[in-house]
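Asker: Okay, here's what each chain looks like letter by letter:
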Amino acid sequence: MNGPQRTRLVVALALGLLAIVAAVAASCLLGPQPVSLRAALDGVEPDRAILIGLRLPRAVLAALVGFALAGAGTALQALLRNPLAEPFVLGVSGGAALGGTIVLLAAAGLSAVSGPAGALLGAAPPVAFGAVLGAVLSTFLVFGLGRIGGRLVPEAALLVGIVFNAFVAGVITLLKMLAPPDQAARLLYWLMGAIGYESGSTLAVGAVLVFLSIGTLGLLSARLNLLTLGDEEAASLGVDVRRTRALVFFAASAATGAAVALAGMVGFVGLIVPHLVRRLVGPDHRLLLPASALFGAAFLVAADALARLAFLPLGTEPPVGAVTAFLGGPFFLWLLRRQAREHDEAAT
Amino acid sequence: MRAARATLAFAALLVSLVSAPAGAGDLLPVSARGAAAGGATWVGTPPPGGAKRIVTLAPSMTDYLVALGAAGRIVGVTRVDHAPEVADRPRVGGFLDPSPEAVLGLKPDLVLWVTDGGALSAVRKLAELSAGRFAILAIPVITVADVPAAAKLVGEALGDPAGGAALATRLQGSLDRLKAQASGRPRRRVLFVVGRDPLVVAGPGSFPDELLRLAGCDNAVGGSRAWPVYPLELAVASNPDLVIDAAFDEPAAGISRLAAIPAVRRGDVARLPRDDLLRAGPRMIEALGDLEQALARSPAGATPPAGAPPR
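Chains A and B are the protein sequences, given in the same order. With the first letter of the first sequence counted as 1, position 106 gets the number 106 in the numbering used here; the numbers rise by one all the way through. With the first letter of the second sequence counted as 1, position 127 gets the number 127 in the numbering used here; the numbers rise by one all the way through.
These are calculated hints, taken from the structure and not from any lab test. Among the clues, some could well be false.
Stated by the list, open to error - Which chain A residues stay away from chain B? Per the calculated CB distances, all over 10 Å, these:
id, residue
1, Arg6
2, Glu45
3, Val60
4, Ser111
5, Pro330
As the list claims (entries may be wrong) - Across the chosen pairs, the derived CB separations fall in these ranges:
id, chain 1, residue 1, chain 2, residue 2, range
6, B, Pro29, A, Ile52, 24 to 34 Å
7, B, Leu234, A, Leu335, 40 to 50 Å
8, B, Ala87, A, Gly43, 55 to 65 Å
9, A, Ala347, B, Leu234, 52 to 62 Å
No residue lacks a Cβ here, since even glycine has one placed at the ideal position from N, Cα and C.
Using the sequences and the hints, build the whole thing.
Answerer: Right under this line is the structure:
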């Protein structure tokens, strides 16, 4: 990386961190209960418990999930060489949700035999493991079936992802029928893509997984640049294409699996954020990947604050997944149309 | 090779994370035992001299406080709570999605919760933040026997154990009456409907199922699920003697949607006037009266049994 590039990286990372700080501050200060920051810092209750005990961990959770999803989305777009690739659209989130669901239901079944064993299996780490495994398997399935004549066809992979999502939704509905009602309610809430109130240990497990997987992607970002040139070009420039791709698959899936285990299926973060950040910092993945992850964190914190505040008069809040889908669905279609237009213009 | 090694290291880390201890869930262990079998849990110590500022996270808990004359101590309820005594109280979110922030904002000294999987993570968060501020009483109401047991627990939390015990005795008395009256009635198969489109019924393990058995009836619904979405065909084939229509949100005339069930065609349908039979709490006393009336109905065309109240 040369001097100007390094400066741009520092500026992009500083801006991303600033965005996170601003979003977390806004999320902590806005809410149904009027609280004072000064009172909270002075230890006055309930201000302190609300700000430090509730809003801050929730903002941290949203930031972790946004960080993971935007980072994974950027990497998947590089692999598929298509800006429409995204963990949710590609069915990676769906696979993770299925993996997590199976572990949760197994835990419910085990509880009937042995309460403590069921509780242990239903805790955060095993659910995260199931989600990561589900994400990895679905990524390999989608990218495997997206190959036609030995070549990865982005449109085919996207279509496989969409069909896989529908399949997973059906399987989860069937599995839900087998769960006891209170488990089914818990499952439904999780799957909707809601930033909830997780314990400190769950956040810690999630953070380790997310930072390791996005960190791995960060280390691979220079090679991602070469992969976007095409497999042959990358190989001729000395990249071990198969190994690199496998590692990127694995890390992006692990990040997605961790995000799903923490907050269910929050869609389109990996689509919206990398696209906007690409406009800001350009296509170099050494900049794009870390900047996307940081802005993804800020984006989801802000989206969660919006979800919390928008329906306040009704005394309820929608899951943040509904907000991101509300923004992301039209964005996806706009990107699709724009791609088609660029394609037409290139043809004429 | 480096990539393969990194992948392996990553997998090893995942496995080690899996074997990590379960963590903060231990603050609020949710028991599979009901309140009658000692399954209730206190987080923190009960407020000395009885709770004065109480948030209830379930309408049935509000009912207990109202029945014990403590409605004035309630400072917050869920938005699904329609008891007139708490119409002006602040709302703290829903039954399945209570807002910990709204609860904290009310500065309670006691939070009453009927253990339910949907609200578990929010209440666990409250439990983490409750230390030194307020207590949480988590009451699992799973079987009919837990209803009087919960009355005792709530009475003790209020500093009114005698009131709680008296309410428990009244609740137990209404259950004993239901059992006693069962002996004078022919055994009947009952289909208990709570939703018509889709058809949702009370199955084995549900609260109405247990009450029906106490009342000397057979539930027409088999299987293993408490609240199944039930195939209409199975409902027809089960050929119940009586259909109890507890779909309160839907107009009474809508039962004609189920006309394929012979009992509905014959008019052997008893509509419950309120949702009290589904609320496992003090309203059970009136609710059991409604159930008695419904079961005392004679089959269409037959002579009413002696002593049956007119409908």
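Asker: Does each hint hold? Answer for all of them.
Answerer: Verification of the hints:
{"no.": "1", "hint": "Arg6", "in the structure": "holds (25 Å)"}
{"no.": "2", "hint": "Glu45", "in the structure": "violated (6 Å)"}
{"no.": "3", "hint": "Val60", "in the structure": "holds (13 Å)"}
{"no.": "4", "hint": "Ser111", "in the structure": "violated (7 Å)"}
{"no.": "5", "hint": "Pro330", "in the structure": "holds (27 Å)"}
{"no.": "6", "hint": "B/Pro29 <-> A/Ile52: 24 to 34 Å", "in the structure": "holds (25 Å)"}
{"no.": "7", "hint": "B/Leu234 <-> A/Leu335: 40 to 50 Å", "in the structure": "holds (48 Å)"}
{"no.": "8", "hint": "B/Ala87 <-> A/Gly43: 55 to 65 Å", "in the structure": "violated (35 Å)"}
{"no.": "9", "hint": "A/Ala347 <-> B/Leu234: 52 to 62 Å", "in the structure": "holds (59 Å)"}
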